[in-house]
Amino acid sequence: MMLLPCPWCGPRSATEFRFCGEAGEAGARPDPATATPEQWRRYLYLHANPRGWSTESWYHGSGCRRYFTAERHTLTNEVRSTTAAGGAP
Amino acid sequence: MSETSEEPIARSPIAPQAPVVRFGWEISARAARGDLSLSDETPLAKVAVRAPFRGAAADALGVGFGRTTRTDVDGVGVGDVLVVGSGPGEWLVLAAPGRGPDLAAALTRRLGSSGEFVSVIDLTHGRALVRLAGRAAPQVLAKVCGIDLSDSVTPDGAALRTTVARVVTDVVRDDRGGPPSSVGPSYLLHVERSSGQFLAGALLDAGAEFGLETGTFVGLAGRDT
Ligand SMILES: [Zn+2]
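Respectively, the protein sequence lines represent chains A and B.
Residue 231 is where the first sequence ends in my numbering, and the numbering goes up by one at each step.
Residue 232 is where the second sequence ends in my numbering, and the numbering goes up by one at each step.
No lab work stands behind these hints, which were simulated from the structure alone.
All C-beta atoms, glycine included, are put in the ideal place defined by N, C-alpha and C.
A couple of the hints might just be wrong.
Here are the simulated SDA-like pairs of lysine to any residue, each with C-alpha atoms no more than 25 Å apart in a straight line [as the list claims (entries may be wrong)]:
1. B/K150 to A/A165
2. B/K150 to A/A156
3. B/K150 to A/W182
Here are the computed distance ranges between Cβ atoms for each label pair [stated by the list, open to error]:
4. A/G229 to B/V160: 21 to 31 Å
5. B/S121 to A/P153: 32 to 42 Å
6. A/L145 to B/S126: 31 to 41 Å
7. A/W182 to B/F30: 54 to 64 Å
8. A/L145 to B/R61: 23 to 33 Å
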């Protein structure tokens, strides 16, 4: 079982969460009014997908039903920090 | 047309064994013979409250995310009221059967003066609620739930939301409300109404090796009586 530490609920089985993509710089949503088709396509389909530390957005759908950001190592699944969306618990 | 003017009967989504009608609900009359029991507590009034995680409404409710407290609410003088911090900024308030509308009105009055954005909804007929109680209750629950149920992590008065038998469930440890005939931990499990029969069946299946039996409605007073 892979555990993911929710900032509200503590460590839980990863099956309780939904992955919501890369967060921060890598996952920033361009302004739909001004983005070119190339920029929009890059946002939708092209991801950094690093082998190493990745900043990601997760949703704890089977628990607190809150979004949070996690820094996860994609090789080891180690999580070194989490930040609750809309303020820390 | 029938000449009778009987009150309508409310039914739980969980099929009762040897059904009888009490306080307007069809309930299971069969009492568990042993210590380990699963009782259908769906008739309890269930009111959901949403409010800011911190603030006047949260203070008035008297408990935060992850814990429970017993309290009195004006106008709902019958029996205990159990306030559950079921999520960040979410509460589940339980009271005796039939008290839902009074409880929701009293909570709206009490929390409305906070000036914060607060919503109060009576969920009684939209949800199912069961109580798993007895010495072996943690072992039964551990078969279908990934949470550490030891006293140091999930003590009496703990509340959390997780999956039980793959169904999203509010798990509330409420030993004081356990059936008078039992000792040991007692868990209230709160799910969407449509998952109630499945959850009860999954728990009875998981508990068969421990002698888990269907019990009769307990309510919130439990071991106080
Ligand atoms: Zn959570």
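Exercise for review: Indicate whether the distance between the beta carbons of A/L145 and B/R61 respects the range 23 to 33 Å.
Suggested key: 28 Å, holds
Check your understanding: Is B/K150 within 25 Å of A/A156, Cα to Cα?
Key -> 18 Å, holds
Exercise for review: Take the C-beta atom of B/S121 and the C-beta atom of A/P153, compute their distance, and say whether it sits inside 32 to 42 Å.
Suggested key: 34 Å, holds
Review point. CB of A/L145 to CB of B/S126, is that within 31 to 41 Å?
Key: 33 Å, holds
Practice item. Just tell me: holds or violated, for the beta carbon distance of A/G229 and B/V160 against 21 to 31 Å? Key: 25 Å, holds
**Study point:** B/K150 paired with A/W182 [C-alpha distance capped at 25 Å]
**Key:** 46 Å, violated
Point to revise | Restraint status (C-alpha distance of B/K150 to A/A165 at most 25 Å) | key: Violated, at roughly 35 Å.
Review point. Do A/W182 and B/F30 keep their Cβ atoms within the hinted range of 54 to 64 Å?
Key: About 59 Å separates the Cβ atoms of A/W182 and B/F30, which means 54 to 64 Å holds.
Taken one by one, the earlier hints fail for this structure at numbers 1, 3, listed in ascending order.
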